[in-house]
Every structure is written in structure tokens, then in C-alpha cells.
Amino acid sequence: MAASSALKRLMNPLIDPAAFDFWVGKVSPLLSWERPLARVVAREVSARDTVTLVLKPNRHVAPVMPGQHLPVTVEVNGVRLTRQYSPTQTGGRLAITVKRVPGGAVSTYLNRDARVGDVLELGTPFGAMRDDPSVPGWLFAAAGSGITPLMSLLRAQAARGRVRTTLMYWARTRADLCFLPELQQMARDWPGLTLIPVLTREADLVPGEDRGRPDSDLLARHVPDLATRQVYACGPAGFVGQLERLTADTAAGFLGEAFTPPERALVAGAPVQVTLARSGRVLEIPAGEALLPALEARGESPAFGCRMGVCHTCACQRLDGTSEDLLNGRQHSEPGMLRLCVSAARSHLTLDL
Amino acid sequence: MTAQQPAPTSLSPVARGNVARRPLTRAQVEAFGAELDALRDRTLADIGEVDARYIKRIYAAVRYTEAVGRVLLFFGIFPPAWILGTLLLGISKILENMELGHNVMHGQYDWMNDPRFDGKTYEWDVVGTSDNWRKTHNFQHHTYTNVKGMDDDVGYGLLRLFPEQRWRPFYLFQPIIAVIFALMFQWGVAIQDLRLGRYFAGKMTREELAEQFRPVGRKMRRQLLKDYAFFPLLAGPFFLPVLLGNLVANGLRNLWTYMIIFCGHFTANAEVFPKEMVENETRGEWYLRQLRGSSNLRGGKLFHIMSGNLSHQIEHHLFPDIPARRYAELSRDVRAICARYGIYYNTGSLASQFGQVVWRILRYAFPSKPVKLAGKTLVVD
Ligand code: FES
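Residue numbers (my numbering), protein chains in the order written: chain A, 1 to 353; chain B, 1 to 381.
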């Protein structure tokens with residue numbers, strides 16, 4: 001391994017990674033000079049509109065800790081799109097569970113089109129919700145697909161320490177719960193685990209289930225010893241915010257991870273924050289105003305040429321947020337290139353500048 | 001407002017002299033620009049999978065032709081293998097240079113989010129650096145197309161191609177210089193941004209020049225090592241045929257790209273423009289200037305691919321960041337729009353258009369009646 005990486009360093013200036021990948025890809029689509037890739041080796045429907053894909057990674061995929069997220073890139077209609085999933089690592093395999101979001105290009109693709117044998121591109125794992133063996137007790141709160149990072153933490157704990165853990169898992173109906181059989185089995189084998197499905201739209205509850213949105217009564221009922229618990233909450237931003245209000249002061253610790261809701265376009269002139277990822281600067285500019293002059297007026301000097309959308313000198317990556325192409329009024333929310341001189345912010349933006 | 005415009009007097013490639021040069025009214029120019037903007041939007045909305053598949057296929061074609069070409073050259077001791085190998089390598093280099101590199105660097109495929117086809121980072125297989133190219137070409141040439149004193153591509157600071165350029169005795173040598181330039185085209189393009197003229201005129205210090213040359217020098221070294229050391233050495237005893245094959249393949253690309261590119265802006269009816277024209281230029285006026293400064297080449301599908309679709313120079317200049325494989329279908333609409341506004345659409349066969357370029361090179365080597373650019377306008381109020 002060490003010898004091969006030394007050889008690789010030596011070869012690096014001679015190699016064109018794209019050409020290398022083109023040729024080795026003819027031998028096996030998992031081979032690559034440096035790109036982390038994985039092949040789908042199994043596909044299983046785990047709940048309504050939800051599939052679990054088991055992936056075999058190549059050697060460029062970094063190990064994923066329980067609770068961490070992994071960027072997954074697929075090509076849909078010629079465009080490469082990236083989403084984060086929380087894989088569970090077992091042996092040399094990664095499993096991601098994908099719930100189909102209405103109108104979601106990637107979740108639809110992974111649910112409907114991904115086949116065993118397909119190759120996906122992965123990124124670098126990230127995320128702060130890690131397993132911590134020194135914690136004496138946990139409260140995991142999940143809503144919807146927020147279950148997935150918690151699932152990999154639960155599996156890691158089930159295999160190891162088995163400390164006191166309560167999982168409160170919100171969903172609309174029982175059919176929307178992912179991993180239910182696995183969770184029930186886990187609760188049988190691991191007496192310290194309390195599983196409480198909280199269903200907001202289910203007519204008849206069975207014993208062990210509850211209903212209602214997160215509030216202090218519900219928590220007091222199921223986690224009377226909250227003060228000794230470390231809380232991890234995962235779900236939509238409103239849900240995570242609510243749990244933070246309910247537990248941050250009373251529990252032993254709180255960490256939340258929210259999915260960003262699709263941002264709504266702001267009216268022209270409303271102030272938006274533009275974050276420049278490289279310098280870390282955060283600027284406030286009016287929505288709808290061309291980014292290049294707006295950034296310049298605030299002391300930035302991005303590269304530019306024609307200032308009319310022709311030359312692409314000012315092109316940079318939109319890492320996050322919604323922008324508008326001022327030439328045709330179309331809005332773009334996927335991470336991708338924009339031209340500063342003919343684009344305006346329509347939400348808070350993060351740019352690779 | 002536009003219906004009573006007469007059709008262009010002639011679409012003949014040798015329309016020299018009888019081309020309508022009537023300026024448009026301001027309202028007409030803006031309506032004309034709006035039609036092109038609408039055409040641009042329609043096309044952009046349709047771009048997707050087929051375009052992605054296309055550029056990947058071009059990429060594969062570059063890889064395969066290069067590999068087969070280089071392998072054949074290892075057997076270059078046998079003349080048929082040498083000839084075929086050299087031709088294939090030349091084709092590979094032309095494809096990589098034009099349909100792949102040039103077009104990718106315009107950002108035509110940025111929407112794919114594929115690092116292989118990223119306009120900002122693509123590095124092409126020629127001695128010039130992509131960074132310099134993005135500046136001299138994407139910005140200066142495409143923004144200030146055929147504006148004398150702003151677009152360096154007007155004669156490349158080496159040739160007098162328009163009577164609007166002042167004659168100097170140096171230009172008497174230009175028929176020879178033009179041939180040398182064609183044979184060494186990639187080298188000329190590589191040093192274009194160094195502006196050696198400024199150095200010789202004493203406007204740039206030696207240190208400044210050395211500083212600017214550093215990345216170019218690095219790229220040149222890399223290219224030279226690859227084609228004239230690495231692959232020939234790999235061939236062992238067949239060093240020489242491989243080296244010669246690479247040299248000829250690079251030469252073929254130089255000649256071909258030179259010919260295609262010169263036909264894009266230096267045909268008889270392509271125009272140059274004064275600097276003041278770009279001040280406060282509207283989008284419609286910018287479109288019109290692009291049109292009147294560019295010229296197309298007629299040909300079959302393969303010819304268009306091999307020219308990187310720069311045979312559709314007009315469409316490329318109107319829409320430099322739309323995938324070039326769309327230019328053929330765009331040209332039908334552009335022609336129709338031009339006809340509606342009575343704007344001459346400059347197209348012709350390669351022989352005819354390049355003939356006109358050669359004529360310019362020969363004719364303007366010699367003094368000619370000076371033509372004033374100042375005051376030239378495309379719009380009447
Ligand atoms: S500065 Fe040329 S595209 Fe923005």
C-alpha cells in the first residue's frame with residue numbers, strides 16, 4: 001500500500017487522471033486514479049417509496065463513521081447531482097437508505113433507476129454526530145428520513161456498548177417508518193433500548209406507540225431522566241429547532257442536524273447573505289442585484305472580463321442557495337457554476353470564492 | 001416594422017461589393033437582439049442528456065484515435081502504418097483542440113458539473129496554457145470581436161488583413177510570415193498573451209516578461225517532452241519514426257486550425273470596427289457586431305465536427321457558451337432572422353472563404369488606399 005502510494009506520487013505529474021480513468025474504466029468501472037466510486041451490489045425496498053442500496057466502495061472511499069454523511073453523486077439527464085446520505089458500514093459494504101422525495105431528482109433516480117451493477121460517485125464523509133462510548137445514556141429523536149444517521153449509530157451501539165438509549169421516531173403513519181422490523185429486533189435483543197414510534201396521522205395505535213408533535217409532556221412521559229441523556233436530533237429544520245428548545249437546557253447535551261428545507265425565493269431588494277467559502281467572509285447584498293458589482297461594492301475583487309455573460313471569466317461555483325440568471329430570469333438551486341456578472345442572489349448563497 | 005426589409009441582395013460567397021451595408025435603426029437592432037435572446041433561451045432550455053452523451057463520445061473518440069495512432073506509429077518503420085498513425089494522431093489532436101478543448105473552455109458544458117468538462121480547469125493538449133487562452137480568446141476576442149486595437153486576433157499583431165490597418169514596410173514580408181505562422185500556429189497562440197511587442201517597445205521589463213513566461217514555459221516543456229521525448233523513447237529503436245509522426249501530426253493540426261480560424265473573421269465580407277463602437281454598446285448592437293465580423297463555412301457533418309463547429313463561426317460568436325453541436329440547428333433560425341432584418345449572412349465553401357483570406361494576406365501586404373474606421377456605425381438614430 002505504502003509502496004503503491006509512493007509510486008503514485010511519483011507518477012502523478014505524468015498522469016492525466018481523466019484519461020487514466022477512461023482506460024481503466026474499460027477493465028472495471030470501479031477502477032479510478034483517485035475518484036471514490038462504489039458499485040451497487042444489492043437493492044432492497046425497505047418501506048413505501050424507500051430503497052436501501054448496498055454499495056461496494058473502491059479503495060478511494062474513506063471510512064465512514066457511524067452517524068456521518070456521505071455525498072453521493074449521480075447523473076440525471078446529463079447533469080451530475082449530489083446529495084448526502086448516512087450510510088451504515090458493515091464489513092466492506094456501505095448501505096444507504098433513500099426515501100423518494102416528490103420532485104426530488106436524485107431520490108427518484110436512486111429509487112427508480114439505480115440497478116444492481118451501477119456505479120455511483122462518492123465524496124468525503126462528514127458530520128459531527130459521532131458515536132461516543134463515554135456517554136451514559138442517549139435520546140435519539142428522528143423525524144422522517146432523519147432516522148438514517150441515527151440508524152447507523154444504533155447499529156454501532158447494538159454491536160458494542162448497549163447503554164441506555166431511547167429512540168423516539170416521528171412519522172406520519174406506521175407504513176412510513178423505515179427499518180421497523182430491524183428496530184423491533186434490536187429492542188428485543190437489547191433491553192436498554194426503548195423504541196417509541198410517534199405517529200401523527202395513524203388512526204389506531206398499538207401498545208408502545210404514541211402520537212403528537214414534540215412537546216414537553218411527550219418527552220416527560222417517555223424520558224423522565226432527560227437530565228442524564230445526551231440528545232441527538234435529526235430531521236427537518238423545524239423539528240430539530242423544536243427539540244433544541246425542549247431539551248438543550250435540560251438534557252446533558254444536545255446536537256442537532258437539520259436538512260435544509262428548500263429555500264423560498266426572496267423578492268428583489270430583500271437583503272440576502274452571501275458567504276464566500278474560501279475567505280469565510282459573509283456579505284449582505286440585496287436580492288436580485290447582479291453579484292459582480294454587488295461584491296465589488298463591498299470590497300471584493302473577483303476575476304472578471306466582459307461583464308456581460310460571454311467570457312466565463314467570472315464563473316464560480318454556487319455551493320449552496322438559489323440564484324437567478326439575469327439574462328433569462330431562470331432560477332437555479334443545484335450546486336453548480338454561475339456567472340457573477342449575470343446572476344443575482346435569490347436566497348442566501350454560498351459561493352466558492 | 002421589420003416585414004418591409006428587403007431580403008439580402010445576395011448570399012453568394014463572393015458577394016464582395018454588393019453586400020447591403022445599410023445600418024439598422026435603433027429599434028430594429030433591439031428587436032433583432034431580442035429575437036436572438038429568445039432563440040438562445042429556447043436552446044438552453046432544451047440542453048441535457050443528448051449533449052452530455054455527445055461530448056463524452058467526442059472525448060472517447062479523442063482517446064481512441066490517439067491510442068490507435070500512437071500504437072501504429074510504434075510500427076512506423078512500415079510506411080502505411082506511419083501514414084495512418086500520423087493521420088489518426090493528427091485527427092485526435094484536432095478533435096481535442098477544437099470540438100473538445102475549445103468548446104469545453106468556453107463553459108459550454110459547465111452545466112454538467114462534470115470535472116472532466118469544466119471550462120475553468122480544462123487543460124488542453126497544446127503548448128499554450130488554457131489560462132492565457134481563456135483571457136485572450138474567451139474574453140478579449142469574444143467580447144471585442146474584430147475591434148481594432150482591442151481584439152488581438154485582428155492580424156495577431158503580425159499581419160495586415162484589413163485596409164483599416166496602417167501599412168508598414170514590414171508587411172511586405174507577410175506572405176512568407178503568414179505561412180510560417182500557419183506552420184507554427186500553436187506556438188504563435190501560446191505567446192500571444194505575452195505581448196512581445198510591448199517588450200521590444202520597452203514597455204515591459206525583462207523581469208516582467210520572464211514572470212509571465214513561467215507558466216507558458218512550463219506548459220511548452222511538458223508538451224515537448226511528451227511528443228518528442230517520452231513517446232519516441234518508448235518506441236526504443238523506432239525513436240525517429242515516432243518523433244517524425246508526432247511532429248507531422250502537430251503540424252497538420254496547426255495548418256487545419258489556422259485555416260478554420262482565419263476563415264472565421266478574415267473573409268472578404270468580414271468587417272473590423274473602431275474602438276468607440278463598444279462604448280455603451282447594447283446587447284442588440286453587440287449581436288450585430290458579432291454577425292458582421294464573423295463568417296461561416298459550408299460543409300458536411302464530419303467537416304463541422306472536425307472544425308469544432310467553428311465552421312458555424314457566426315453562431316459560435318452569438319452564443320459562445322451553447323454546446324457547439326447545436327450550432328447547425330441554430331444556424332437555420334439565425335439565417336431566417338438575418339433575412340428578416342436584411343443583414344448579410346456570410347457563408348461559403350472552405351475553398352471560397354479561404355481563397356478570400358489568402359487574397360487579403362497577399363493584397364494588404366502592399367499599401368492600399370487608407371480606410372478610416374472612425375465614425376463607423378452599425379445603427380442610425
Ligand atoms: S465577466 Fe465575462 S462572463 Fe462574467
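Please note: incorrect hints may appear among the correct ones.
Not the full set, but computed from the structure, chain A residues with beta-carbon under 7 Å of chain B [unchecked claim]:
1) Val79
2) Asn328
3) Gly329
4) Ser333
These aren't lab readings, by the way, just hints derived from the structure by calculation.
Ideal Cβ placement from N, Cα and C applies to all residues, glycine included.
Comparing the hints with the structure gives:
no. : hint   : result
1   : Val79  : 6 Å, holds
2   : Asn328 : 5 Å, holds
3   : Gly329 : 9 Å, violated
4   : Ser333 : 13 Å, violated
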